[in-house]
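Taken in order, these protein sequences are the chains called R, Y and P. The numbering used here applies: residue 1 is where the first sequence begins, and numbers increase by one. The numbering used here applies: residue 1 is where the second sequence begins, and numbers increase by one. The numbering used here applies: residue 1 is where the third sequence begins, and numbers increase by one.
In silico contact screen, one side only, chain P against chain Y (beta carbon under 8 Å); selected entries:
no., residue
1, SER16
2, GLN58
3, GLN66
4, VAL175
5, THR236
6, TYR345
Think about it this way: if two alpha-carbon atoms lie no more than 35 Å apart in a straight line, the pair counts; the simulated DSBU-like pairs of lysine-lysine are:
no., chain 1, residue 1, chain 2, residue 2
7, R, LYS189, R, LYS121
8, P, LYS6, R, LYS193
9, R, LYS190, P, LYS6
These are computed hints drawn from the structure, not numbers from a lab. Where is the CB? At the ideal position from N, CA and C, for every residue including glycine.
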Amino acid sequence: MIHLQDIRKVFNAGKPNEFVAIKGVNLTIDSHGATALKGPSGSGKTTLLSMLGCMARPTSGRITLKDREITSLPERFLTEIRRETFGFMFQQFNLIKGITALENVMIPAYPKGEKHVSLKKRAMDLLGLLNLADKALSKVEWLSGGEAQRVAIARALINNPPIIIADEPTAHLDTRLSMELIQIMRRFKKDGKTLLIASHDPIVYQSDVIDRIVDMRDGKVVSSGDVP
Amino acid sequence: MFERKSDIFFIYLTVGVSLICLIFLDAAVSQRLDREAVRERREIVRVLTLTDLCLFTEARYTRHPTMADLNTPFQDHPVSLEHFPSGAIMAVPPHLKTQMQR
Amino acid sequence: MGYINKQRNILDFTLSSLGRRKGKNLALVAVYTFVIFLLASVLFFTHSIKKEASLILQDAPEMTVQRLVAGRQDLIPKRYIDSIRKIRGVQSVAPRLWGYYYDALSGTNFTLMANKDLKDRVGEIIIGSGVSWRSGTGKGKKAIRKNDIIPFKTYDGSALPLKVKGILSFSSELVTTDLILVSETDFRKIFAIPHDHATDLVLQVRNSKELATIAAKITQRHPDTRPILREEILRTYDAVFDWRGGMIIVVLSGAVFAFIILAWDKATGLSGEEKREIGILKAIGWETSDILLMKFWEGAAVSLSAFFMGTFLAYLHIFLSSSILFEPVLKGWSVIYPHFRLTPYIDAYQIATLFFLTVIPYTVATIVPSWRSATVDPDSVMRM
Ligand SMILES: Nc1ncnc2c1ncn2[C@@H]1O[C@H](COP(=O)(O)OP(=O)(O)OP(=O)(O)O)[C@@H](O)[C@H]1O
Ligand SMILES: [Mg+2]
Numbered sequence: 001m002i003h004l005q006d007i008r009k010v011f012n013a014g015k016p017n018e019f020v021a022i023k024g025v026n027l028t029i030d031s032h033g034a035t036a037l038k039g040p041s042g043s044g045k046t047t048l049l050s051m052l053g054c055m056a057r058p059t060s061g062r063i064t065l066k067d068r069e070i071t072s073l074p075e076r077f078l079t080e081i082r083r084e085t086f087g088f089m090f091q092q093f094n095l096i097k098g099i100t101a102l103e104n105v106m107i108p109a110y111p112k113g114e115k116h117v118s119l120k121k122r123a124m125d126l127l128g129l130l131n132l133a134d135k136a137l138s139k140v141e142w143l144s145g146g147e148a149q150r151v152a153i154a155r156a157l158i159n160n161p162p163i164i165i166a167d168e169p170t171a172h173l174d175t176r177l178s179m180e181l182i183q184i185m186r187r188f189k190k191d192g193k194t195l196l197i198a199s200h201d202p203i204v205y206q207s208d209v210i211d212r213i214v215d216m217r218d219g220k221v222v223s224s225g226d227v228p
Numbered sequence: 001m002f003e004r005k006s007d008i009f010f011i012y013l014t015v016g017v018s019l020i021c022l023i024f025l026d027a028a029v030s031q032r033l034d035r036e037a038v039r040e041r042r043e044i045v046r047v048l049t050l051t052d053l054c055l056f057t058e059a060r061y062t063r064h065p066t067m068a069d070l071n072t073p074f075q076d077h078p079v080s081l082e083h084f085p086s087g088a089i090m091a092v093p094p095h096l097k098t099q100m101q102r
Numbered sequence: 001m002g003y004i005n006k007q008r009n010i011l012d013f014t015l016s017s018l019g020r021r022k023g024k025n026l027a028l029v030a031v032y033t034f035v036i037f038l039l040a041s042v043l044f045f046t047h048s049i050k051k052e053a054s055l056i057l058q059d060a061p062e063m064t065v066q067r068l069v070a071g072r073q074d075l076i077p078k079r080y081i082d083s084i085r086k087i088r089g090v091q092s093v094a095p096r097l098w099g100y101y102y103d104a105l106s107g108t109n110f111t112l113m114a115n116k117d118l119k120d121r122v123g124e125i126i127i128g129s130g131v132s133w134r135s136g137t138g139k140g141k142k143a144i145r146k147n148d149i150i151p152f153k154t155y156d157g158s159a160l161p162l163k164v165k166g167i168l169s170f171s172s173e174l175v176t177t178d179l180i181l182v183s184e185t186d187f188r189k190i191f192a193i194p195h196d197h198a199t200d201l202v203l204q205v206r207n208s209k210e211l212a213t214i215a216a217k218i219t220q221r222h223p224d225t226r227p228i229l230r231e232e233i234l235r236t237y238d239a240v241f242d243w244r245g246g247m248i249i250v251v252l253s254g255a256v257f258a259f260i261i262l263a264w265d266k267a268t269g270l271s272g273e274e275k276r277e278i279g280i281l282k283a284i285g286w287e288t289s290d291i292l293l294m295k296f297w298e299g300a301a302v303s304l305s306a307f308f309m310g311t312f313l314a315y316l317h318i319f320l321s322s323s324i325l326f327e328p329v330l331k332g333w334s335v336i337y338p339h340f341r342l343t344p345y346i347d348a349y350q351i352a353t354l355f356f357l358t359v360i361p362y363t364v365a366t367i368v369p370s371w372r373s374a375t376v377d378p379d380s381v382m383r384m
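Chain R on its own, in the form it takes in the complex (with noise of 0.2 Å):
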């Protein structure tokens, strides 16, 4: 579904601080799976995620999307693209502050220019289905480390995105928190979505739901491969 081809990113290019965070990979995410991306701090995953994402370009090499070629996409093609496709959990929450969950749910789906009736309605289910309908009205920065975590995931699923990308999802739950976590994504892979996870915490990538761990280090691929 995703298919990267020498991808390359340079940092800085031309200036003393250059840094070269991706050095060629090469990589196919198939649809309708769960991949763990997992290497130590400063490997590169995190900018990986965001090139798969549509959210940077790479500084040579092509993406390509369902066959289609988006690295000389532009700008504007590229914001409907991630729309429509991705649905983003950041490492931090990245919540909106000051406003209500349910606002913060709603958000991604405003410049669709879909009724408000039921654009409400959905962001209440998926508030629902993740246990925090009595939340809907708090403003987010009452919510607890987990409950934000749930509120940023019915953020990405508000779109209804086949893919989900998520950085280091467990990052700030504690283990109880990081088993629900996997519990959703498992609903997530039941209901045919793909799954993007960069993570080091081994409860995630050791967890059954991954199918599949790509290794990186220092910006390359040393290894991926389905898990057994």
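Since the structure of chain R is already known, use the hints to place chains Y and P with the ligands on it.
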């Protein structure tokens, strides 16, 4: 019905626009009501051969700006600064700036 | 439908987002409202005064002829009347007798004017309403009524008691409030003006097209005179309250500077928090144009609120409270100040100008700085 913030905002905008309309309406009504008084003032001006509005009674040239003579700006002293507040509010009448040659 | 839904959705978010910094945004609206209130008040006041003047001074004398001596207006000899009357096209010439009288008792300056109707009623006066409540004896507590006596002091210090025979109507205050009409005899008695002199002359002409020619002929015959045309009178009030003049420009520039500070505060950038939010919105699928749309609504919400409130309050201020805030400025040193209620003449064009000069720049100043942030790469959010 009006639970959305945008609904409340549009109501608020409508109220704002109505206030502006109200201003115009009130102005139109007042003008009509004052028509008689304006006629009366106009008549008094004609009968008494008046030349000015009685707005500022603090100095000759502010009470009767149209009658101010050409030397008014030098009234007290060629370099005196304006010391009447109303003299600072009003601009200099044009006939004091263009010369009397005609 | 989708388009409208989108606008409303984004507006919903904008309002939620504004609501977070309620105090700050309300303060912003309040300050901006005050700026617009001042601007609109000045516009309303000057426009109405100008309009009023142009209406009621339409029947002012067609031409006034004054005499200048050593740079000051001086008494004009009555023999000028005959020579001016002989100029072709002049219909009538009449002398006017008027001047200022300082009433030591009340510390007030009045305008004294000889009146034809009182010619044979020596000892009687008619006063403007401002005079009636100002010159009341005993600390001015009691207004003067009909048949009261006002003692005048003549040039040689002797007293001349004159009886109030009428009070000019309240509605004519704008032109008559400080006026005292006396008979010619009394006028000359008070000021010792010789019988063959007048203050100035007023002319009527047969054809108003000839006014300029006649004025030229008068100055030719009497180089020490200065004719003032009605057209100049009308023009004076147009110019005197022009927005470019005097205090008005001070108020305006104050307001404009306040506005520039507001706009500058906006334009010199967004807080880190705001930038972060723009990044998040982009990352979760908002386009640059959606973010600008949000900022547009933000600027519009603030500036429209301020515009509506400011304009409305200014209207109340000028036309219902008789410019209560401007009164100290307008009064100045005046002891008599007309308590006129201005007739509200408002100019749609002026309001439109006010709108375009306040709402549009503010909205633009809100949008522009977010432009830069709105084009950041969304991947920065991954590392926040
Ligand atoms: N904008 C940037 N400019 C310069 N260097 C960058 C930039 N973004 C990332 N890097 C560098 O690229 C390398 C890879 O970063 P990345 O965030 O992808 O690592 P990671 O594998 O996600 O690490 P972690 O597990 O700690 O999140 C790091 O050394 C980082 O310093
Ligand atoms: Mg990372």
